[in-house]
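**Q** Read off the chains here:
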Amino acid sequence: MRKLLFSVLLLVLLVPISMAQDTVTLTYLVDDAEINLTMNQALVDEFMAQNPDVNIIVETRPGGAEGDNIVKTRLATDDMTDIFFYNAGSLLQALNPAQTLVDISDQPFIDNIVESFIPTVSQGDAIYGVPTGTAMGGGILYNKAVYEDLGLEIPTSWDEFVANNEVIAEAGIAPVMATFGDTWTSQLFVLADYYNVEQGAPGFAEQYTNNEAKYADTPAALAGFEYMQQAYELGWFQQDYATEGFEPGLALLANGEVAHYPMLTFALGTMETNFPDQVNDIGFFALPGPDAEANGVTIWMPQGTYIPQTTEGPQLEAALEFLAFIASVEGTEVITSAVAPQGPYLIEGATLPDTVLPAVQDLAAYIDAGNSFPALEFLSPIKGPNLEQLMVSVGTGQMTAQEAAENYDFDVERQAQQLGLPGW
Amino acid sequence: MTNKNTLPTSRKKKTQPATISRMYSYWFYLPAAIVFGVFFLIPTGLAFYFSLTRWTLFDATFIGLENYEYFFRDPQLLTALRNTFIYAILTSGSKVIISLPLALLLTSGLRLQSFFRSVIFFPVLISAVAVGITFSSLMQPSDGLINLALESIGLPQPDWLGDPDLALYSVIMIDIWKGIGIATLIFIAGITSIPTEYFDAASLEGGAWVKFRHVILPLSRNATFTVILLSFIGGLRTFEIVWTTTRGGPGFASDVLTSVIYKQYQAGFYGLSVAGNVVLFILIMSLVYPLMRFFNRMELEL
Numbered sequence: 001m002r003k004l005l006f007s008v009l010l011l012v013l014l015v016p017i018s019m020a021q022d023t024v025t026l027t028y029l030v031d032d033a034e035i036n037l038t039m040n041q042a043l044v045d046e047f048m049a050q051n052p053d054v055n056i057i058v059e060t061r062p063g064g065a066e067g068d069n070i071v072k073t074r075l076a077t078d079d080m081t082d083i084f085f086y087n088a089g090s091l092l093q094a095l096n097p098a099q100t101l102v103d104i105s106d107q108p109f110i111d112n113i114v115e116s117f118i119p120t121v122s123q124g125d126a127i128y129g130v131p132t133g134t135a136m137g138g139g140i141l142y143n144k145a146v147y148e149d150l151g152l153e154i155p156t157s158w159d160e161f162v163a164n165n166e167v168i169a170e171a172g173i174a175p176v177m178a179t180f181g182d183t184w185t186s187q188l189f190v191l192a193d194y195y196n197v198e199q200g201a202p203g204f205a206e207q208y209t210n211n212e213a214k215y216a217d218t219p220a221a222l223a224g225f226e227y228m229q230q231a232y233e234l235g236w237f238q239q240d241y242a243t244e245g246f247e248p249g250l251a252l253l254a255n256g257e258v259a260h261y262p263m264l265t266f267a268l269g270t271m272e273t274n275f276p277d278q279v280n281d282i283g284f285f286a287l288p289g290p291d292a293e294a295n296g297v298t299i300w301m302p303q304g305t306y307i308p309q310t311t312e313g314p315q316l317e318a319a320l321e322f323l324a325f326i327a328s329v330e331g332t333e334v335i336t337s338a339v340a341p342q343g344p345y346l347i348e349g350a351t352l353p354d355t356v357l358p359a360v361q362d363l364a365a366y367i368d369a370g371n372s373f374p375a376l377e378f379l380s381p382i383k384g385p386n387l388e389q390l391m392v393s394v395g396t397g398q399m400t401a402q403e404a405a406e407n408y409d410f411d412v413e414r415q416a417q418q419l420g421l422p423g424w
Numbered sequence: 001m002t003n004k005n006t007l008p009t010s011r012k013k014k015t016q017p018a019t020i021s022r023m024y025s026y027w028f029y030l031p032a033a034i035v036f037g038v039f040f041l042i043p044t045g046l047a048f049y050f051s052l053t054r055w056t057l058f059d060a061t062f063i064g065l066e067n068y069e070y071f072f073r074d075p076q077l078l079t080a081l082r083n084t085f086i087y088a089i090l091t092s093g094s095k096v097i098i099s100l101p102l103a104l105l106l107t108s109g110l111r112l113q114s115f116f117r118s119v120i121f122f123p124v125l126i127s128a129v130a131v132g133i134t135f136s137s138l139m140q141p142s143d144g145l146i147n148l149a150l151e152s153i154g155l156p157q158p159d160w161l162g163d164p165d166l167a168l169y170s171v172i173m174i175d176i177w178k179g180i181g182i183a184t185l186i187f188i189a190g191i192t193s194i195p196t197e198y199f200d201a202a203s204l205e206g207g208a209w210v211k212f213r214h215v216i217l218p219l220s221r222n223a224t225f226t227v228i229l230l231s232f233i234g235g236l237r238t239f240e241i242v243w244t245t246t247r248g249g250p251g252f253a254s255d256v257l258t259s260v261i262y263k264q265y266q267a268g269f270y271g272l273s274v275a276g277n278v279v280l281f282i283l284i285m286s287l288v289y290p291l292m293r294f295f296n297r298m299e300l301e302l
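Respectively, the protein sequence lines represent chains R and Y.
For the first sequence, full-length UniProt numbering gives the first residue as 1, with consecutive numbering after it.
For the second sequence, full-length UniProt numbering gives the first residue as 1, with consecutive numbering after it.
Just chain R, same shape as in the assembly:
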């Protein structure tokens, strides 16, 4: 009897162990923004349902500069998770991908990726990541109800925007929102202006990367800083703007207490969760520039999913399968069912549902008309880290646009040298 009990016990113990040996476990590092977490968890769940022998554990990290450091440190100490989710463009370049990441350019699923995304995750001929999620637009989110009540038209030039804001201010509504409590939100006047910079100074990105053009002495590029100065001088911002945070700010926009918010369309995901009733009142237009004839939108590429070189053997195989799943039409459908799309996918053949949010339709209209251009951080590896503080300084009247641009050029110089770019 005892013998029987013992052997049953042994069996019970052994079976899970032998089953566990066949499954591959992957760890996946994702930033803790709710929308990114939801999206990646949905991808992981569906992938695991289809591949019972793969188990993926999602780990989270903070976003922003703090998260950048965690990623850099873990890569440098060979302590990275098996796969990770991270920005494309200039932030990826700072990870030293040639030495730290697995080159996936020989994988068949690369053909599924829309051509324009490839340069943002490449160095030389090597490709390191697959687009995870949708592209975004940078520009102005606005409250349509306010526009309807006041009978306003969408501005296509900065002068029209100024005129609209006068009307809005007279109606007792704050024309423009600033949320300097989350400093990163302050950068949009400069970053989302890149379509206009390219109109006024064609080829700026390359000259800037080669140390031949500067923000401070290129009028088209300086304009973004001047917009911030003007916004401060004309008193466009709402009360408490110096310490307001990003999420409380979205409430002000949803309730029509502020008319405009310079922001990325990625904010729509948060709005849909927090204000499902009001999110359809939110529209989007490109940051207006000097010329109404040349009006277009600045585009942000989606983030990517990457494999560090420390991932090997069965883990690497499973990781590549997961990347292939992300870079498939099926993968985009899983994302769509989990979070509201904030722009187009960069996977060939992927479509957006008919029910996308109005602001995303506004964005798609610009892209379909061919009036879009990538943001500078996807065209150049250099992005100075102090831009957000400099923009806050201008927005709170401590610095002029010219001073901030000069400071930013100095900031950029350090970044370029840190990256070891030629010509700096």
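No lab work stands behind these hints: they were computed from the structure.
Treat each hint with caution, since some may be false.
Pairwise CB distance ranges (calculated) [unchecked claim]:
{"#": "1", "chain 1": "Y", "residue 1": "F281", "chain 2": "R", "residue 2": "Q41", "range": "41 to 47 angstroms"}
{"#": "2", "chain 1": "R", "residue 1": "E115", "chain 2": "Y", "residue 2": "F36", "range": "56 to 62 angstroms"}
{"#": "3", "chain 1": "Y", "residue 1": "L78", "chain 2": "R", "residue 2": "G64", "range": "42 to 48 angstroms"}
{"#": "4", "chain 1": "Y", "residue 1": "L78", "chain 2": "R", "residue 2": "P358", "range": "44 to 50 angstroms"}
{"#": "5", "chain 1": "Y", "residue 1": "F281", "chain 2": "R", "residue 2": "T73", "range": "19 to 25 angstroms"}
{"#": "6", "chain 1": "R", "residue 1": "P422", "chain 2": "Y", "residue 2": "L291", "range": "47 to 53 angstroms"}
{"#": "7", "chain 1": "Y", "residue 1": "L145", "chain 2": "R", "residue 2": "T73", "range": "49 to 55 angstroms"}
{"#": "8", "chain 1": "R", "residue 1": "G151", "chain 2": "Y", "residue 2": "R237", "range": "53 to 59 angstroms"}
{"#": "9", "chain 1": "R", "residue 1": "F246", "chain 2": "Y", "residue 2": "R237", "range": "46 to 52 angstroms"}
{"#": "10", "chain 1": "Y", "residue 1": "L145", "chain 2": "R", "residue 2": "F246", "range": "21 to 27 angstroms"}
{"#": "11", "chain 1": "R", "residue 1": "D32", "chain 2": "Y", "residue 2": "V119", "range": "57 to 63 angstroms"}
{"#": "12", "chain 1": "Y", "residue 1": "L291", "chain 2": "R", "residue 2": "T25", "range": "15 to 21 angstroms"}
{"#": "13", "chain 1": "R", "residue 1": "T273", "chain 2": "Y", "residue 2": "V119", "range": "40 to 46 angstroms"}
Counterexamples of contact, computed for chain R against chain Y with all Cβ distances above 12 angstroms [stated by the list, open to error]:
{"#": "14", "residue": "V58"}
{"#": "15", "residue": "N96"}
{"#": "16", "residue": "V167"}
{"#": "17", "residue": "G181"}
{"#": "18", "residue": "S186"}
{"#": "19", "residue": "E272"}
{"#": "20", "residue": "G395"}
Don't be surprised by glycine CBs; every beta carbon is placed ideally from N, CA and C.
Since chain R is already given, all that's left is putting chain Y on it; use the hints.
**A** Coordinates of chain Y only, in the frame set by chain R:
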């Protein structure tokens, strides 16, 4: 005679064991020396080396003093230096001015004296990060508790952390609130260590004022020096409260040296931020060492 004869031999006998025993005792230093070397000396040496390089965590290129040049060329550095001094001087000064009367009160034999002592000491126990986060919500301009209280009694409600001219001073006030407890404790220890004979003599001479002016004030000089020195060093290297309330903002308005260094580290300028730390180290040493020497010379024997 026998004495003279034995003397050289005894010397010989003595010297040999002496060197052995000296060597022997040195071995006791070894564990401490290894710990000190591995965790303190080597990292400090490495820090000086990496401050001379452009360091990406993956590799380091030697660039001489360029990081220091950049550090001092940074237009925000002057603001940060000025803020650091204002911070260190105001916090250490205020802590002395506020804590001494508190310590007097709390050594005067009040009822519930030990309860009040623990109330004063309580903020010291809370982590600086928690204090910072709590105060940034208390100091919210329109719905924070502080401004709601000011509104109810009809006073103006400043934007404590959002107004560039005010932010640094708001942070300083938080630091003082948090640091009062430890300063008061040091003063209490100083006052209670004054021998009672002095008080007896003073009570013959006059009342409470004489006791304070001619006994407590001069004889708690050592405690005063300790408070000034500790809070001055604390002020120079302050970080947590600044970072959790304003992150050096708005813009650069409340940046201090450590927040500038941290931002450079966050930006991935590792060599530059190490250079910043070396500068901070030298700055603290060059200010605090003479101050300490001065205080030591002025110290009193009770």
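**Q** Hint by hint, say whether it matches the structure.
**A** Checked hints:
1. Y:F281 / R:Q41: 41 to 47 angstroms: The hint (41 to 47 angstroms, Cβ to Cβ) holds, given that Y:F281 and R:Q41 are roughly 45 angstroms apart.
2. R:E115 / Y:F36: 56 to 62 angstroms: The hint (56 to 62 angstroms, Cβ to Cβ) holds, given that R:E115 and Y:F36 are roughly 58 angstroms apart.
3. Y:L78 / R:G64: 42 to 48 angstroms: violated, 27 angstroms
4. Y:L78 / R:P358: 44 to 50 angstroms: This hint holds: roughly 48 angstroms between Cβ atoms.
5. Y:F281 / R:T73: 19 to 25 angstroms: Given about 23 angstroms between the Cβ atoms, the range holds.
6. R:P422 / Y:L291: 47 to 53 angstroms: holds, 48 angstroms
7. Y:L145 / R:T73: 49 to 55 angstroms: 38 angstroms Cβ-Cβ, so the 49 to 55 angstroms window is violated.
8. R:G151 / Y:R237: 53 to 59 angstroms: holds, 58 angstroms
9. R:F246 / Y:R237: 46 to 52 angstroms: Taking Cβ atoms as reference, R:F246 and Y:R237 lie about 31 angstroms apart, which means the hint is violated.
10. Y:L145 / R:F246: 21 to 27 angstroms: Since the Cβ atoms of Y:L145 and R:F246 sit about 22 angstroms apart, the hinted range of 21 to 27 angstroms holds.
11. R:D32 / Y:V119: 57 to 63 angstroms: violated, 37 angstroms
12. Y:L291 / R:T25: 15 to 21 angstroms: Since Y:L291 and R:T25 have Cβ atoms about 57 angstroms apart, the given range 15 to 21 angstroms is violated.
13. R:T273 / Y:V119: 40 to 46 angstroms: Cβ of R:T273 to Cβ of Y:V119: about 43 angstroms, so the range 40 to 46 angstroms holds.
14. V58: Correct as stated: the minimum Cβ-Cβ distance to chain Y is 24 angstroms, above 12 angstroms.
15. N96: violated, 5 angstroms
16. V167: Given that every Cβ of chain Y is farther than 12 angstroms from that of R:V167, nearest at about 25 angstroms, it holds.
17. G181: The claim breaks: R:G181 does not keep its Cβ more than 12 angstroms from every Cβ of chain Y (closest is about 8 angstroms).
18. S186: With a cut-off of 12 angstroms, R:S186 comes too close to chain Y, as the shortest Cβ separation is near 9 angstroms.
19. E272: With a cut-off of 12 angstroms, R:E272 remains clear of chain Y, as the shortest Cβ separation is near 25 angstroms.
20. G395: Not fine: 8 angstroms to the nearest Cβ puts R:G395 too close to chain Y.
Hint compliance for this structure: hints 3, 7, 9, 11, 12, 15, 17, 18, 20 are broken, all remaining hints hold.
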